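Please build the complete structure, drawing on both the sequences and the hints.
Each chain, written out:
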Amino acid sequence: MSAISAAQPEQMSVAAKSAAADSIHQDTTAKLFLLSSITYFFIVGVIALMIAAKFVWPGLMGNSPFLTYGRLRPLHVNGMLFGWLLAADMGLTYYLVPRLCGVKLWSEKLGIATAVLWNGIILGAVVTLLAGMNQGFEYGELILPLDVAVVVAWVMFGTNIFMTIATRKYEQMYVSLWYTMGCILWTAFVYLTGNFAVLFTSGVNQANLNWMYVHNAVGLIFTPIGLSLAYYFIPKSANAPLHSHKLSMVGFWSLAFVYVWTGAHHMIHGPISQWLQTIAIVFSVMLIIPVWAVVYNFFATMKGQWHQMRDNIPLKFLMSGVVFYLLTCFQGPMHSLRSVNAIVSKTDWIPGHAHMAVLGAFSFFAIAGAYYILPRLYRTKLYSDALANWSYWLFMIGGLGFFVTLWLGGLWQGWQWNNPAIPFIDTVVALTPVWIVRFFSGILMFGGIAAFLYNVMATVIGAKDNPQAAA
Amino acid sequence: MSSKADKSAIFFVIAALFLFFVGGTLTTAVAPLVDKSWTKPFENNDPAKGPTGKLRPYTPQELKGRQIYTREGCWYCHTQQTRTLLADTKRSGWRGVDSPISTPDEFVYDDPHMFGTKRTGPDLSRVGGKYDSQWHRTHFRNPRDLVPGSIMPPFPWIANNEAEFQALTAYLQTLGRAKNWRPENDFEK
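Chains as they are written, first to last, in our numbering: chain A, 1 to 471; chain B, 472 to 660.
Think of the hints as simulated: they come from the structure by calculation, not from any bench. Hints may contain errors.
As the list claims (entries may be wrong) - Restraint-style ranges between C-beta atoms, simulated for each label pair: (1) 172/A to 489/B: 16 to 24 Å; (2) 282/A to 519/B: 28 to 36 Å; (3) 501/B to 171/A: 35 to 43 Å.
To be verified - Quick partial rundown of chain B residues pointing at chain A, CB under 7 Å, derived from the structure: (4) 498; (5) 543; (6) 544; (7) 586; (8) 622; (9) 624.
Everything numeric in this text was worked out from a predicted model, so none of it was measured. Ideal placement from N, C-alpha and C gives every residue a C-beta, glycine not left out.
Structure follows, in structure tokens:
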């Protein structure tokens, strides 16, 4: 803890106390969320490979309605977003919030109930999506009863975290706590907009609400909870104080104000009011402020510490994630410019961009967090550092293969579309090599997931035989 | 302000929600109040103002077709918007006639909306009346029989289910038809 708070003399005492008090934490909720989410990461990874394969071999498994692209894609998206990433983020939050507050989690029982409910939601999502029960909203596919269950689970999560923060020992709240609280509050409203408010509207009005949700699912759910992890784990893993508390405030409060305005940038050149498109573009460009403030802070924290990247595996994931975060958040504002948008919008560039955000940045933060806390949760050593290193390189090479080929392919596709003399089907056929590379990059990434899952499970199972005092 | 939010959780909550609601309200709740075309169905009887026509609500059969379109996730790969790009108006056009751009008033009855974000297959905003039922049946059974190189999945369970096939085709034939943009109305059935 001293690492994080060295910049804040007031919190120095926090550090010493909480290290001694580490044994007060039960962490059952954190364990349940983490282990189930990593399992979903693996299972949904199989779905991901299936849909990537369908781009290359479109007839594959084609005669079964349950295994068709249109039903597997929402399962992939929802499974990765809510089954893996959000659940992993929640598990890590259940770990770090009590530690930053110097108290036990407010209610471990409530936490366990939340984990059980969350798993029920994911299983319900698998069954209903394969059955074609799809509401027709991107990221909001799940049927109404499941939406209600998500809201209940989120309230349970939020109550537990806020009550823990309310009973905290230390007055000053570290940056990670702001981002966690921001995430819980904003998600509540963003989720209600995207899953309930849309039901009372139609047409462009509905699309505008839908994309407010889609955009902010990334911007106000995964970004703040992911940055909360990065703000905690980067100083901890590097054992270096955070560069600037002031700069982290700039990053947080500008994010709070700027992000929500940008939903309409999903319809640039589309049938939505031009003035609203312009507002979305202006605020999209302003997103550079919260992003660069955060990224500068992380890079400056690493000053003099870069040599640790050689063999510190959580740090490798974290700092690669920061670079991907910087890149993806530079692409975003650029895509919103009308001239760039006319080329890249609706092309394969976009999944390249989206995967860099969700996999390259935020999943990397969550994976780093898992590698960091698992040995501490189970008071043991990680099963294999070499295997963890393998998982890093498989994710990295597979990820880059995926992102870069889709950008190039998407750019090429966009130029072709803008020449109406080229028949549409020719622009489809032209992308076959891109989709082949994407499929094989996917196999590498899946190898990364498999190595990660195996390492985690072996650590957990071997924990009893290999006890060691937690660091 | 920010240093106060550092120490007081209550102050923090109020500030974080206030900043969020400024943009949140202005871009979602206020926007449709300002632009009425989002909620007023398209109708134009004056050729001087662009294509004439009138948007009508979907029939029960077309709505059923729409449900199938939603269920099968057609919207993950097909957008429904002819954007304000020259290439889009050419690609959505037919037999040498450019398509008019999509406007908000053409989608008032769309629930859920089907604008889409990814164009793996061609845009369908003006596909209504371009291909006849026989073409669609063959295409759903195996798209590659009609379009070599296509990567669209086959949908035999729709092609072989008469009620579902009729409903889905009825829906597809409505797409983009509110505006009478084709000379002599040469629409296929």
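Hints and how they fare:
no. : hint                       : result
1   : 172/A to 489/B: 16 to 24 Å : holds, 22 Å
2   : 282/A to 519/B: 28 to 36 Å : holds, 35 Å
3   : 501/B to 171/A: 35 to 43 Å : holds, 38 Å
4   : 498                        : holds, 5 Å
5   : 543                        : holds, 4 Å
6   : 544                        : holds, 3 Å
7   : 586                        : holds, 5 Å
8   : 622                        : holds, 4 Å
9   : 624                        : holds, 5 Å
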